[in-house]
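Kindly generate the complete structure, drawing on both the sequences and the hints.
Protein chains in written order, with my numbering: chain V, 3 to 161; chain U, 442 to 823.
Be aware that one or more of the hints could be misleading.
What the hints assert, rightly or not - Restricting the straight-line Cα-Cα distance to at most 30 Å, the calculated cross-link-like pairs of lysine-lysine (DSBU-like) are: (1) U:K727 to U:K738; (2) V:K74 to V:K107; (3) V:K74 to U:K727; (4) V:K107 to U:K681; (5) U:K636 to U:K648; (6) U:K447 to U:K661; (7) V:K101 to V:K74; (8) U:K813 to V:K101; (9) U:K813 to V:K107; (10) U:K813 to V:K74; (11) U:K636 to U:K498; (12) U:K605 to U:K517; (13) U:K498 to U:K447; (14) U:K517 to U:K498; (15) U:K736 to V:K74; (16) U:K648 to U:K661; (17) U:K736 to U:K447; (18) U:K648 to U:K498; (19) V:K74 to U:K738; (20) U:K681 to U:K605; (21) U:K636 to U:K605; (22) V:K74 to U:K681; (23) U:K648 to U:K517; (24) U:K517 to U:K636.
What the hints assert, rightly or not - Covered stretches of chain V (chain U as the covering partner; in silico rule of three or more C-beta atoms under 8 Å from a C-beta of chain U): (25) 31-43; (26) 50-60; (27) 80-86; (28) 98-104; (29) 123-129.
For the record, the hints were derived by calculation from the structure and aren't laboratory data. From the three backbone atoms N, C-alpha and C, an ideal C-beta is built for every residue, glycine too.
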Amino acid sequence: MPATEHTQPAPDQSAAVAAMPDFEPTIVAFVCNWCTYTAADLAGTARMVQSPNVRLVRMMCTGMVDPKYVLKALLSGADAVLVSGCHPGDCHYINGNYKARRRIKLLKEILTGFGVDERRLKLTWVGASEGNEFAETVNHMVAEVRELGPSDARTMMAI
Amino acid sequence: MATTAKIEVQNGNLLQSVQAFLHMLMDDGGVAGLLTPLHMGPGVVMPALVTEPERLKQADPLAPAFPLNAARIAAKLTRGGSPGGTLAAVLRPCEMRAFTELVKLNQGNLEDLAIVSLDCLGAYTNADYRTFAAGREPREASNQWAGQLLAGRSPDPADLPLAKACRACEHPVATGADITLGLIGMRGAGHLLVKAHTPRGEALLAKLRLPDTADPTARKDALAELVAGRTAFRDEMFEKTRAATASMPQLADYLAACVGCYNCRAACPVCYCRECVFLTDVFDHKPWQYLGWAKGKSALRMPTDTVLFHLTRLAHMSLSCVGCGQCSNACPNDVPVMELFRTVAARTQEAFAYEPGRSPDEPIPLSVFQAKEFAEITGGRD
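Dropping the structure here:
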């Protein structure tokens with residue numbers, strides 16, 4: 003989806019970009035062992051070009067991504083968080099990804115209320131064979147977050 | 442149709458009529474144990490499980506005191522086995538709604554407890570209640586307070602404001618209670634309205650042989666007016682809180698006085714984890730971690746993890762937040778926790794079209810899912 007399609011206001015955008023012209027975003031990604039992690043592995047072994055801004059955390063299932071992992075990452079300096087798992091119907095544990103979807107929905111409601119741009123939290127479905135899809139997701143997200151600028155939680159004294 | 446009966450009010454003494462009703466519940470209704478707010482000493486009202494009706498002389502469900510949300514007590518009384526006799530509890534509407542949430546979480550049981558709820562006129566904060574009750578006969582004070590309030594007059598000579606949570610509460614009447622006692626809009630009627638809403642409530646009420654009556658229209662209007670006023674106060678509170686927490690740094694400022702005592706969590710009736718992660722060694726960070734964070738930020742606010750604590754609690758329980766305000770009541774540093782939690786809860790509850798305590802049959806949104814829903818979260822793909 004092109005960035006221009008988002009209607010969410012991004013109050014931190016212009017100031018942050020002006021302040022940090024060489025800004026390289028840090029993205030923490032919680033990925034499912036069975037689908038997206040395998041896809042990431044495939045993208046790597048196939049030597050697809052990917053931005054090096056993503057720190058992968060391999061989970062057994064997106065259904066075990068506790069909301070506080072996402073919150074902790076954002077408060078600890080991550081500019082965005084990606085959660086990625088199996089397509090609906092493909093969950094290794096039957097329904098973990100559906101549970102993840104509700105939790106991400108909830109987190110988005112909470113975080114956007116505090117002015118966090120919606121694009122700083124993403125849930126995607128990337129299957130094990132979709133190495134290209136994974137590389138695309140990462141590259142797209144990095145570009146988007148680079149546009150948004152650094153998260154203003156980075157400079158907060160409190161965590 | 443619900444059974445509607447009445448209890449006479451003698452000389453405007455509301456509390457006496459309420460006590461008489463509770464007495465009847467025990468004597469004629471066969472209630473073996475009744476949980477009700479009771480005067481414990483000067484300025485202290487606490488729930489007590491009464492087994493001897495004589496004790497009800499000290500009972501005071503009208504007292505504008507709200508030291509804790511009794512939903513947890515109700516859960517304790519019903520969890521893991523039958524109590525071995527009929528139990529009843531006098532709960533405020535917010536306590537009832539919180540109890541319903543705990544029942545959904547298998548932490549309490551509606552089967553073993555008959556719930557009686559009075560129209561809720563609100564309460565003071567703990568500190569203000571002590572000021573209110575100082576040097577007065579406490580039951581007399583409650584009675585006068587309720588009488589004045591119901592008559593539309595300022596209820597207290599010192600003109601203390603009620604707790605903010607109560608002023609913002611749009612639920613003066615309990616949903617799901619077996620029996621409700623109506624006070625609002627009953628002025629001039631000379632009686633209180635007793636209504637049974639469930640088969641258990643009907644059976645209980647039948648045993649008391651109270652005279653039948655009709656639901657006066659004045660009551661409906663008075664309730665609508667009260668709710669409208671409270672809703673307006675609530676919406677203004679939402680507006681202010683949103684403006685004060687419009688960014689993460691603003692949120693950090695909002696929570697700046699938090700010392701991480703977790704009193705708000707302990708006081709919260711719907712913070713459901715049996716063991717809180719914030720008390721585990723997950724948050725026993727190593728010294729080098731602190732220094733690392735501090736270097737990254739130029740200065741690290743201590744204690745750490747206070748913003749994370751509140752955000753995590755919002756993620757865990759905002760969907761079940763009933764807005765009782767005990768979090769603010771318990772805060773030693775006057776962090777406006779209730780305002781924040783109610784404001785965020787309004788947003789999350791709306792997102793899932795969920796209202797906590799509305800019905801025990803309505804599952805908590807994070808405990809269920811559907812195969813096709815919220816496609817916008819994954820960019821329209823499901």
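Hint by hint, here is what the structure shows:
| no. | hint | in the structure |
| --- | --- | --- |
| 1 | U:K727 to U:K738 | holds, 17 Å |
| 2 | V:K74 to V:K107 | holds, 17 Å |
| 3 | V:K74 to U:K727 | holds, 16 Å |
| 4 | V:K107 to U:K681 | holds, 25 Å |
| 5 | U:K636 to U:K648 | holds, 14 Å |
| 6 | U:K447 to U:K661 | holds, 16 Å |
| 7 | V:K101 to V:K74 | holds, 19 Å |
| 8 | U:K813 to V:K101 | holds, 12 Å |
| 9 | U:K813 to V:K107 | holds, 14 Å |
| 10 | U:K813 to V:K74 | holds, 29 Å |
| 11 | U:K636 to U:K498 | holds, 23 Å |
| 12 | U:K605 to U:K517 | holds, 28 Å |
| 13 | U:K498 to U:K447 | holds, 21 Å |
| 14 | U:K517 to U:K498 | holds, 25 Å |
| 15 | U:K736 to V:K74 | holds, 18 Å |
| 16 | U:K648 to U:K661 | holds, 27 Å |
| 17 | U:K736 to U:K447 | violated, 69 Å |
| 18 | U:K648 to U:K498 | holds, 22 Å |
| 19 | V:K74 to U:K738 | holds, 15 Å |
| 20 | U:K681 to U:K605 | holds, 13 Å |
| 21 | U:K636 to U:K605 | holds, 29 Å |
| 22 | V:K74 to U:K681 | holds, 27 Å |
| 23 | U:K648 to U:K517 | holds, 27 Å |
| 24 | U:K517 to U:K636 | holds, 26 Å |
| 25 | 31-43 | violated (count 0) |
| 26 | 50-60 | violated (count 0) |
| 27 | 80-86 | violated (count 0) |
| 28 | 98-104 | holds (count 4) |
| 29 | 123-129 | holds (count 3) |
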